[in-house]
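K.L.:
Chain by chain, the residues:
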Amino acid sequence: MNRPRLVDGARLQYDEVREEHLLLVPEGAVRLNATAAAVLELCDGERSADDIAAALSERYAGADVSADVAELLGGMRDRGLVIDAAA
Amino acid sequence: MPPPRPYTLIAELSYQCPLHCPYCSNPVDIGGERYRHELETEHWTRAFHEARRLGVLQLALTGGEPMLRKDLDELVAAGRDAGLYSTLVTAGTRFTRERAEQLKAAGLDHVQVSIQSPDPEENDRIGGVRSFEKKIAAARAARELGFPLTINCVLHRQNLDRIEEILALAEELDAQRLELANTQYYGWAVLNQDALLPTRAQLERGEAAVQRFRERVGPRITVLWVLPDLYEDLPKPCMGGWAQSAIVVTPNGEALPCQAAATIPGLTFPNLREHSLEWIWNEADAFNRFRGTDWMQEPCRSCPLGRQEEDFGGCRCQALRLTGDAAATDPVCRFSPHHAKVVEARESGRSDDFTYRTMRRPSRRPRTAGV
Chain A
1 MNRPRLVDGA
11 RLQYDEVREE
21 HLLLVPEGAV
31 RLNATAAAVL
41 ELCDGERSAD
51 DIAAALSERY
61 AGADVSADVA
71 ELLGGMRDRG
81 LVIDAAA
Chain B
1 MPPPRPYTLI
11 AELSYQCPLH
21 CPYCSNPVDI
31 GGERYRHELE
41 TEHWTRAFHE
51 ARRLGVLQLA
61 LTGGEPMLRK
71 DLDELVAAGR
81 DAGLYSTLVT
91 AGTRFTRERA
101 EQLKAAGLDH
111 VQVSIQSPDP
121 EENDRIGGVR
131 SFEKKIAAAR
141 AARELGFPLT
151 INCVLHRQNL
161 DRIEEILALA
171 EELDAQRLEL
181 ANTQYYGWAV
191 LNQDALLPTR
201 AQLERGEAAV
211 QRFRERVGPR
221 ITVLWVLPDL
231 YEDLPKPCMG
241 GWAQSAIVVT
251 PNGEALPCQA
261 AATIPGLTFP
271 NLREHSLEWI
281 WNEADAFNRF
291 RGTDWMQEPC
301 RSCPLGRQEE
311 DFGGCRCQAL
321 RLTGDAAATD
331 PVCRFSPHHA
341 KVVEARESGR
351 SDDFTYRTMR
361 RPSRRPRTAG
371 V
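First to last, the sequence lines map onto chains A and B. If you read the first sequence in the working numbering, its first letter stands for residue 1, the second for the next number, and so on. If you read the second sequence in the working numbering, its first letter stands for residue 1, the second for the next number, and so on.
This is chain B alone, in the form it adopts within the complex (with noise of 0.2 Å):
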């Protein structure tokens, strides 16, 4: 059977960023040589035009901070020539009102911002910057020049009883969407996890006020709520199931299956430098390993459910993580024999300090002259 056609591609332009998010689903290792070399523009708009032939739609421009390419202008007239749907993934500081004409003119469609927190003083803390009002600027540029707007504010034990101050500012911005995802554990999220986790109470009492939100604002604002996997008792189908709707693009030209999956030992991941999208989507190994259900190990083989069309057999990285093997069952499942370790992680220690995002080595010699 032929592969599903991909909807999605998510361009990581560039891991620079003004910001230091604790939560950043980025991989660890962003200061490290692999991530150095970033992609060339000619590279990104081959990619463009080769996905829109595989049948994507969608074009994700984040990063890290994609405000950061030089070259963003014309990446984005590339998506739009392209045929794709573009959206920009910001944190706001550089989406001024003048940046905002230029993407405008040359075809983005739609604009995402992040906060961290709508409280100024806990949105700095969290991203580790001085960014709040530059955040906010950023969303009034975007609703001002006709942008559909998203807010994203990712969730987690420091700003989730903040929840009804979030959706109040999303309504006064003037969003059509607002992104409510609750942490989920890549990156160097894992490292915060003591510092993120919520609370089971918390996580109710958010959801609770999306629900009066909804059904207050109607169809005017669409607010996505996810939970995080770690209070579930059946996994969620990752990136709806690998390799079957997404290819994430790294800085450096590394194609994945999902933003994670580079945690995953003995993949090997092509290179948009040396190979087409069309040939990574249907060929490459790193997206047929875990793609469809052929590969599925108990209890997934034998779902008493009969979900595997349905959950794909939730995250690979996040069953490497806790069971050591990136085939096993995602052991959010209660099916899984590793799922004691997913009830055992929510009652992990508290520690409300951050181990902030950076791209310099946490062991990094001082700098000197000439080197």
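Extracted from the complex, chain A is given alone in its bound form (with noise of 0.2 Å):
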């Protein structure tokens, strides 16, 4: 994926009544981990796959998170909540 962006209307948000991370789309809410949660913060459309992984291995004191960054857009890719803002 070039440049990935969240689906039009997919919303990131924090609930503090479940204490939990959550992207919240039409009728529905996908519960996201604290990493996956900081990937799709940076999913903005300009970034690329790599400049996302390479942000997040900056705030992980250097982990290669690649892999990790691909599993997850393609996971999100699949179910249609990121979309590729190059294509």
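Zero decoy hints are in this set.
Some residues of chain A that are not near chain B, with every Cβ distance over 12 Å (derived):
| # | residue |
| --- | --- |
| 1 | 33 |
| 2 | 38 |
| 3 | 47 |
| 4 | 50 |
| 5 | 54 |
| 6 | 56 |
| 7 | 59 |
| 8 | 61 |
| 9 | 64 |
| 10 | 66 |
| 11 | 67 |
| 12 | 86 |
Taking beta-carbon pairs under 7 Å as the criterion, some of the chain B residues facing chain A (in silico):
| # | residue |
| --- | --- |
| 13 | 57 |
| 14 | 58 |
| 15 | 85 |
| 16 | 150 |
| 17 | 177 |
| 18 | 219 |
Per label pair, the in silico range of CB-to-CB distance:
| # | chain 1 | residue 1 | chain 2 | residue 2 | range |
| --- | --- | --- | --- | --- | --- |
| 19 | B | 161 | A | 74 | 30 to 40 Å |
| 20 | A | 78 | B | 232 | 26 to 36 Å |
| 21 | B | 215 | A | 50 | 28 to 38 Å |
| 22 | A | 78 | B | 359 | 42 to 52 Å |
Calculated directly from the structure, the hints in this document are not laboratory data. Virtual Cβ for every residue (Gly too), placed ideally from N, Cα, C.
Take the two lone chains, each set in its own frame, and fit them into one complex as the hints suggest.
P.N.:
This is the structure:
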């Protein structure tokens, strides 16, 4: 995926009642762990998957997260939640 | 055990509607005194914040036609301010480009536009008013502004054979979701059951068309296909179970566990004007009456399939309507001693004539000056 972004109308939100990260979508909510939320926050349609992995790697003391990022974005794409802004 | 946290607030802002759909699930007495005094802006605003604190994430602004509320933009903004994800469920006739822009600015998240049929003439006949072109324009305006779009089309015998056209129209309009809900028999739909009930062959063709579409289009468009449960032999978890995940509030402020719950005698529905949503959800008798599984009778109590927490005994309103007892097993269930009534209903008489939804009382006397 070249420049991932959230599909129209998807909104990231932290649910203070349930104390979890959510991706709110039309008539639904996808529960996210903290890492997934961090990845999706960076999906702005400008950054590439590599840019996202590099930014997160910096946050996590240089760990290589590119495989995790690719897997997460692939799963989100298959569910129609993330699309490629470049396509 | 404390009740589960609700996810959805269904805010029926007004029962006024430009359409007259014969399958409408609104109560048949929408024109009566009970619903005349709509809530004030501040009642709804307070309810949205209380709902979020209870755990609600999704706000459905519906009706009737929610676009007829003069304070809709304010209500949309209040929903966003409370942290709710808002859906406008509209017939589309008043959702012009200009109104769409205003609602976008107010913070509306998602637009759901109903169509009655993909064929303009049939659409207008079923809705009882000319509206097709405006609906299409509404859907296009929503997409132009980047709203995610759901098209919903309630299915029944008189439009089910157009399912391929409905699917094609949703794709052409760039909808992200298509809700194909076969009519459920509540409210006005009960009066029109003879004109609406599909044949099994229609349903099978419809389901096959949906399947082919899903395979071709993939995750780009989500198609929801809801069977009419009269053709099932195990009940649906109506509303995800009584008072398990959703709260319905009527235009006059009554809080209900489902849109049709007012048909159940002996239940008193708390009003938002007098109670907090938290008290209503946790304490009100109407919400606790059929919550969970303790209220169940046989055959639910010793369900041979152990489905008590899967289907919650099915629909209370349907149980009442077909067995006379709201606490009975939903007779859709093959283990219900009343299941034959459901089988019989599938063969009910056929007539294409509609009783249209109206807020006028059928026997209303002619209006006279000064009255």
